[in-house]
Amino acid sequence: MVKNVKKSAKQVLVIGGGITGLSAAIDLARLGIGVVIAEKSNSLGGHAAKLSCKATDRCVSCGACIVEQKIETVTSSSAIQIHLNTTVEKVSRNGHFEIKLKKDLELQDSCDVKADAILLAYGFTPFKPVKKPYGYDIFKNVITSLELDLQLRNTGRAVRPSDEAFPKKPAFIQCVGSRDSGIGNLWCSKICCGASLRAARLILHRQPETEISFYYIDVQTFGKNFQKYYSDTKKQIRLIRAIPADIVKTEQECLKLSYFDTDSQAYNENIHDLVILSIGIEPSDEKAVLGAAMEINLENKGGFLGRDFLPGGIFAAGTALEPMSIAESVASAGRSACEILAYLENKPAL
Amino acid sequence: MKERILLAGNGQIAARIAEALLLKELPVVLVTPDPSFSAFFKPVMDNKNAHLLKAFTETFFIHCGGYAGNFEAILKRHDETISLDCSFIVIAEENHLRPNFPLYGLTQAPHVISISDLKKGINPTASSVTSYSSVKTAVFLTGLVEESYPETTEAVMKESLKLQSEMGIKSYILTRNLKVGSDNLEALYRKTRDAGVVYVKFTDMLPDCKQEDKRVVISFIDEITRKPFSITADLTIVDEAIQPSAYLKDLSRILKLNTDEEGFIQSDNVHRLSVFTNRKGILASGGSRAVLLPSAWTDEVNETLVTIFSLMNNAFTTNENKAMINKGDCVKCLTCLRLCPYNAVMLNTRPEVVPESCERCGICSAECPGKAIVIEDLEVSAVSKSFDVLPEISGESSPFLIAFCCSRSAGRAKELARLSGFKLPERLSVVEVPCSGSISQEYILSAFQKKADGVLIFTCHKGNCHSERGNILALQRAVQFKVILKRVGIDPARLLLKTIAANMASEFADTVSSFEKQIHAEIDKAKVVKTS
Amino acid sequence: MTNPECVNMNSLNHDLFKSWPFDHDHCLTCAICSGSCPVSGVDGFDPRKIVRMVSLGLRDELVESRWPWICTMCGKCEHVCPVSIHITDLIRRIRSLRDTDKVPGILFKGLDAALKTGNNLGLPKEDFVFILEDVAEEIAQEPGFEDFKLCVDKEGANILTTIHNKLVNTHSEDLKHWWKIFHAAGEDWTIPSENWEGTNWGMFTGDDEALKIMAGRVAENMKRLQAKNLLWPE
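Protein chains in written order, with this note's numbering: chain A, 8 to 357; chain B, 11 to 542; chain C, 399 to 632.
Do not rely on the hints blindly, as some may be mistaken.
[Stated by the list, open to error] Pulled from the structure, derived: some chain A residues nowhere near chain C, Cβ distances all over 10 Å:
#, residue
1, H90
2, S117
3, T162
4, R186
[Stated by the list, open to error] Covered stretches of chain A, going by a simulated chain B footprint (3 or more residues, C-beta under 8 Å):
#, region
5, 49-61
6, 70-78
7, 191-205
8, 278-290
9, 332-342
10, 345-351
[As the list claims (entries may be wrong)] List of simulated lysine to aspartate or glutamate pairs, EDC-like, C-alpha gap at most 20 Å:
#, chain 1, residue 1, chain 2, residue 2
11, A, K57, B, D214
12, A, K235, B, E272
13, B, K461, B, D501
14, A, K235, B, D501
15, A, K175, A, E154
Source of the hints: derived by calculation from the structure; they are not laboratory data.
Just so you know, these numbers come straight off a predicted model, no measurement behind them.
Note that the Cβ used here is the ideal one computed from N, Cα and C, for glycine as well.
Please construct the entire structure, taking both the sequences and the accompanying hints into account.
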């Protein structure tokens with residue numbers, strides 16, 4: 008990306024170009040601080056840029072659209088340099104940070120960057136559902152919530168991968184990889200109830216003949232005026248308070264879910280033509296490699312980052328810290344920008 | 011003089027913002043209707059820069075004029091009217107907590123208290139401080155009738171843990187959906203279970219509470235065992251609904267700030283993230299804008315500060331191409347004043363646009379019945395020029411389409427569609443406007459005059475318009491225009507209205523492509539009719 | 399509520415089983431255990447209910463109830479439990495709380511017989527060997543199995559297999575299937591003539607002492623016959 012970059016007195020390296028990194032870069036640039044964004048993938052926006060708008064007859068404030076506006080702002084800002092396909096190879100300290108960035112896997116290109124502070128905004132890794140017995144990667148019509156979002160984003164409809172047909176009786180299974188100390192994830196991923204219920208209501212809006220089931224433990228509060236949203240949702244979607252245990256393929260690539268029905272106190276089976284696994288948030292896969300490059304321990308709070316453990320000049324924001332929504336990531340980015348500003352004010356220029 | 015910030019609020023978030031601003035040597039004016047400032051303000055009052063602080067108690071807003079960087083707030087304190095100049099205003103009122111006694115059929119009593127009461131360790135209705143020594147069994151009722159929030163769950167869990175493990179009181183938590191959606195609450199749940207706190211979860215059937223003199227008897231069917239149980243509680247603690255403070259209603263009216271459905275002074279609109287209101291330079295923080303977890307307060311305080319600092323950095327942006335009212339044409343109908351979402355129209359002897367507050371949404375100029383309001387680069391003549399810049403026509407038969415797009419939504423979606431390699435109609439002319447609110451009937455007319463075969467109006471989804479109602483107004487105009495089209499014998503289907511989000515590239519591409527097909531078919535049909 | 403069945407929570411000691419190391423108090427009530435259980439709903443049983451009752455300290459109901467005895471100990475529930483509650487161990491522990499004479503008849507009698515005779519049926523050694531030989535003879539009459547040979551108490555075999563008592567009682571035909579597979583595969587296998595019982599009712603009744611004795615006998619057989627591998631069908 009060729010861009011006339013304005014020279015600023017102070018410079019911050021932002022690791023990660025997702026919603027948090029973008030927001031922080033914009034905040035910092037507005038404060039007159041130069042920013043270098045190092046993004047591992049070939050595009051900005053991170054996971055949020057793969058989500059679908061969930062508006063029905065109105066916007067439901069999921070926040071997915073703001074990513075595009077942030078990308079636009081970052082790309083056109085003269086105070087922000089963007090390095091795509093870039094990872095951090097080495098960080099050394101010499102009054103400030105000297106960072107070796109490794110660019111593009113094929114070219115083996117590298118570049119050196121100086122920074123007064125570093126912001127870790129490397130985000131999260133979506134839970135890999137092959138670790139749970141829901142037939143993911145085995146049955147064609149078992150997909151993840153992120154894959155559903157891609158479908159909705161690309162085609163506007165939920166679709167059965169087996170035959171491209173619109174599902175009539177899809178089901179969502181919540182807490183896949185969350186609230187699960189058996190696999191070391193003793194946390195609620197916080198965003199999945201909102202993401203899945205909003206997706207479910209979008210499907211109903213577009214495909215009104217659909218009958219949607221939602222298997223859950225506890226529905227989490229999200230968005231504004233949740234009480235109203237929840238009571239409307241209960242009228243539209245069959246909420247089943249049990250996590251299904253078995254999944255078996257039936258005719259026409261349909262799936263039989265067995266669960267314990269609390270009302271009738273009996274074992275029950277439902278046949279669905281699409282099963283969506285609401286996968287949780289796990290600490291980023293990147294942290295081990297990055298931690299080694301930076302020579303700091305990035306696995307200090309049960310896999311997530313603890314602010315208190317970070318050495319001076321290194322800051323963290325967004326889902327690197329804990330599961331959070333797009334809106335919360337924006338606020339978290341703002342906080343880190345403010346902390347960085349305070350840090351830089353007590354530090355001489357490069 | 012340095013920029014001065016007017017801060018309304020008497021809670022922890024307001025105090026923390028004030029303290030940080032003072033440390034930055036920024037003058038701060040504190041205003042609260044309360045008789046005194048809360049204990050949270052001690053570090054503010056004791057600050058080394060306290061000479062930069064002015065604090066007004068028992069003071070109410072009665073007006074706020076001006077614009078970001080130059081507001082004039084009129085305040086009232088008893089019989090005194092105070093006029094205050096300030097650069098920015100931050101509303102940081104606390105959430106109001108309403109104890110849910112009536113929801114559970116209970117009334118407040120020495121043995122029936124709210125979570126806040128318990129936290130304070132006092133009993134508000136009894137003359138003496140409650141002694142917990144006689145309490146053997148405590149029941150928390152939370153999120154049973156109305157859905158609750160993780161902060162409520164957190165408070166309930168922490169308090170139950172104290173009762174259970176520090177005071178040896180058998181504690182029960184009765185809830186519907188256990189709100190663990192916050193940092194560490196799942197681990198806290200486990201900790202309370204290990205300590206012996208018992209949870210009873212409900213789905214449809216709720217417990218029955220009978221309040222007696224010294225106790226409450228709670229009976230229910232346990233969903234898991236299907237057995238009837240009762241608990242006799244010496245102490246019953248009910249949760250609290252988290253609501254906007256009553257004062258916000260006045261503030262929203264006086265300061266002309268939009269509210270959401272519940273009454274928080276920030277509409278449910280992603281463009282207001284995180285602390286913006288519809289008025290540039292007036293920020294809503296903490297409990298003023300939403301229900302906010304204490305664990306999110308530090309983020310909130312810092313996000314507010316960053317927003318103030320960045321506003322300061324570009325407080326003096328250009329005033330080019332803002333709306334202007336032509337004196338001669340204005341009939342003072344005040345439509346502009348009524349419709350401006352940003353409060354950028356001020357009424358002196360006649361309405362005038364404050365250029366610093368104008369966001370160029372174009373609602374005023376599109377709606378002005380006298381056509382008295384001009385935004386130069388959004389004039390029909392300026393906009394219609396861009397229709398001429400069209401790609402070369404390779405195939406004679408491809409229809410000419412003009413799409414009016416809000417630059418925040420459809421504009422981005424188009425760009426994303428282009429970058430993602432979607433095939434767009436070759437004779438599609440896209441006109442980006444700052445807000446669909448500016449898409450007037452003159453725009454549409456000019457498009458048809460320029461021989462467009464089809465015209466598309468793309469707006470943000472309802473609730474997603476940066477100008478709140480620009481999209482709705484644009485669609486209303488377009489619907490009226492369809493009626494006109496029909497009357498003059500033009501197929502109204504040649505005008506397509508569509509709401510879209512910035513990230514929906516394929517939806518954009520699909521919409522324009524299928525519209526092209528449809529128009530194409532119409533043209534072919536018309537040709538057949540003509541030749542026959 | 400004047401329901402006589404209504405249990406007053408105040409009278410319960412929820413910490414009664416707190417010391418049990420089964421993590422039952424961590425239950426999230428997600429119901430996946432009950433959804434996975436092959437006998438959920440049978441006579442009102444489901445594993446989540448048992449976990450709940452233990453957490454509440456409903457001792458008498460648990461001990462008197464049929465529910466803990468409906469479980470087949472298949473262990474599917476604890477395999478899927480997201481908070482790793484040891485549900486089968488928990489149920490075994492509850493079963494152990496019953497006085498021995500109140501353990502369901504067949505289990506009680508069977509275990510008693512097993513401890514005395516080495517198998518739940520109390521089948522004498524000669525009768526056992528006779529049944530096995532009878533089945534072996536029948537196999538040898540089938541085409542292709544003419545040289546089938548039964549090896550009881552063979553030393554140094556590759557596989558030693560235990561026998562489920564049902565297979566020498568009502569279901570002896572079922573023995574043939576896997577014996578024939580052994581034969582076809584050329585496997586070197588044996589069956590002990592004593593303490594051959596594969597069904598450990600010590601485990602099922604929560605009687606850990608009996609469990610140890612029964613399991614110890616199988617281990618002893620392995621040692622005595624110097625078998626390399628143990629096949630323990632159950």
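Quick rundown of the hints versus the structure:
no., hint, in the structure
1, H90, "holds (40 Å)"
2, S117, "holds (44 Å)"
3, T162, "holds (32 Å)"
4, R186, "violated (6 Å)"
5, 49-61, "holds (count 4)"
6, 70-78, "holds (count 7)"
7, 191-205, "holds (count 5)"
8, 278-290, "violated (count 0)"
9, 332-342, "holds (count 7)"
10, 345-351, "holds (count 3)"
11, A:K57 with B:D214, "violated (36 Å)"
12, A:K235 with B:E272, "holds (10 Å)"
13, B:K461 with B:D501, "holds (14 Å)"
14, A:K235 with B:D501, "violated (41 Å)"
15, A:K175 with A:E154, "holds (18 Å)"
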